[in-house]
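Visitor: Each chain, letter by letter, is given below.
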Amino acid sequence: QQPVQSPQAVILREGEDAVINCSSSKALYSVHWYRQKHGEAPVFLMILLKGGEQKGHEKISASFNEKKQQSSLYLTASQLSYSGTYFCGTPAAGNQFYFGTGTSLTVIP
Amino acid sequence: GAGVSQSPRYKVAKRGQDVALRCDPISGHVSLFWYQQALGQGPEFLTYFQNEAQLDKSGLPSDRFFAERPEGSVSTLKIQRTQQEDSAVYLCASSLGSGGNEQFFGPGTRLTVL
Numbered sequence: 463q464q465p466v467q468s469p470q471a472v473i474l475r476e477g478e479d480a481v482i483n484c485s486s487s488k489a490l491y492s493v494h495w496y497r498q499k500h501g502e503a504p505v506f507l508m509i510l511l512k513g514g515e516q517k518g519h520e521k522i523s524a525s526f527n528e529k530k531q532q533s534s535l536y537l538t539a540s541q542l543s544y545s546g547t548y549f550c551g552t553p554a555a556g557n558q559f560y561f562g563t564g565t566s567l568t569v570i571p
Numbered sequence: 056g057a058g059v060s061q062s063p064r065y066k067v068a069k070r071g072q073d074v075a076l077r078c079d080p081i082s083g084h085v086s087l088f089w090y091q092q093a094l095g096q097g098p099e100f101l102t103y104f105q106n107e108a109q110l111d112k113s114g115l116p117s118d119r120f121f122a123e124r125p126e127g128s129v130s131t132l133k134i135q136r137t138q139q140e141d142s143a144v145y146l147c148a149s150s151l152g153s154g155g156n157e158q159f160f161g162p163g164t165r166l167t168v169l
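Taken in order, these protein sequences are the chains called A and B.
If you read the first sequence in this note's numbering, its first letter stands for residue 463, the second for the next number, and so on.
If you read the second sequence in this note's numbering, its first letter stands for residue 56, the second for the next number, and so on.
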């Protein structure tokens with residue numbers, strides 16, 4: 463049930479771009495993205511809803527392909543503050559919520 | 056404008072002891088989740104409350120785990136007869152509406168069972 467993310471880890475230089483992918487074996491009705499810095503709690507980035515509606519708080523974009531049961535997070539012109547572990551997540555049957563396997567992103571000067 | 060708070064932040068227990076972890080969600084938030092996060096892993100769903108009703112407890116790993124939210128605000132996660140495999144960070148998150156909305160996380164309680 464847990465979504466699978468790729469890559470597992472990526473190292474970028476400041477200003478470079480990255481794409482993080484999230485794939486599920488189950489139908490996705492919405493996808494959440496969170497970032498967690500070491501020793502801290504996850505922080506919400508955005509929600510993508512079925513039908514294409516997107517909600518977010520930061521200048522980070524994402525796509526959601528319901529047919530392929532995939533979502534991708536796009537980080538452009540990365541900053542040092544983007545470092546952390548990124549998790550996708552999705553509501554599941556009942557009232558469960560499953561986080562993905564995580565992608566560790568490190569931005570270096 | 057307080058966020059989600061959890062206490063204690065750190066808890067060391069001897070194997071076999073009972074522990075109680077507290078979560079104070081954002082006022083007015085209907086939904087409350089508990090997650091368990093092992094080192095280097097993502098948060099794993101434990102249980103979900105909508106107001107005072109525990110609508111899903113399918114993620115609780117054993118009957119030693121028990122959660123309650125009696126008045127629809129503060130929640131307590133209790134672990135009886137702790138085992139070493141219970142060592143993890145326990146995260147609480149609340150959201151304004153249903154479980155499909157943005158979740159606000161507390162800082163977590165790091166439980167170490169010796």
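No lab work stands behind these hints, which were simulated from the structure alone.
Check before you lean on any hint, since a few could be wrong.
[To be verified] Keeping only pairs whose Cα atoms sit at most 20 Å apart, straight-line, the calculated SDA-like set for lysine to any residue is:
#1 A/LYS488 - B/GLY155
#2 B/LYS69 - B/GLY155
#3 B/LYS112 - A/TYR544
#4 B/LYS112 - A/GLN558
From a predicted model like this one, the values you see are computed outputs, not experimental measurements.
Visitor: Hint by hint, note whether the structure agrees.
Guide: We went through each hint and held it up to the structure:
1. A/LYS488 - B/GLY155: Since the Cα atoms of A/LYS488 and B/GLY155 sit roughly 16 Å apart, the hinted pair holds (cutoff 20 Å).
2. B/LYS69 - B/GLY155: Measuring from Cα to Cα gives roughly 37 Å; hence the hint is violated.
3. B/LYS112 - A/TYR544: Violated, at roughly 34 Å.
4. B/LYS112 - A/GLN558: Answer holds: B/LYS112 to A/GLN558 is near 9 Å, not above 20 Å.
Going down the numbered hints, you'll see the structure goes against 2, 3, while the others check out.
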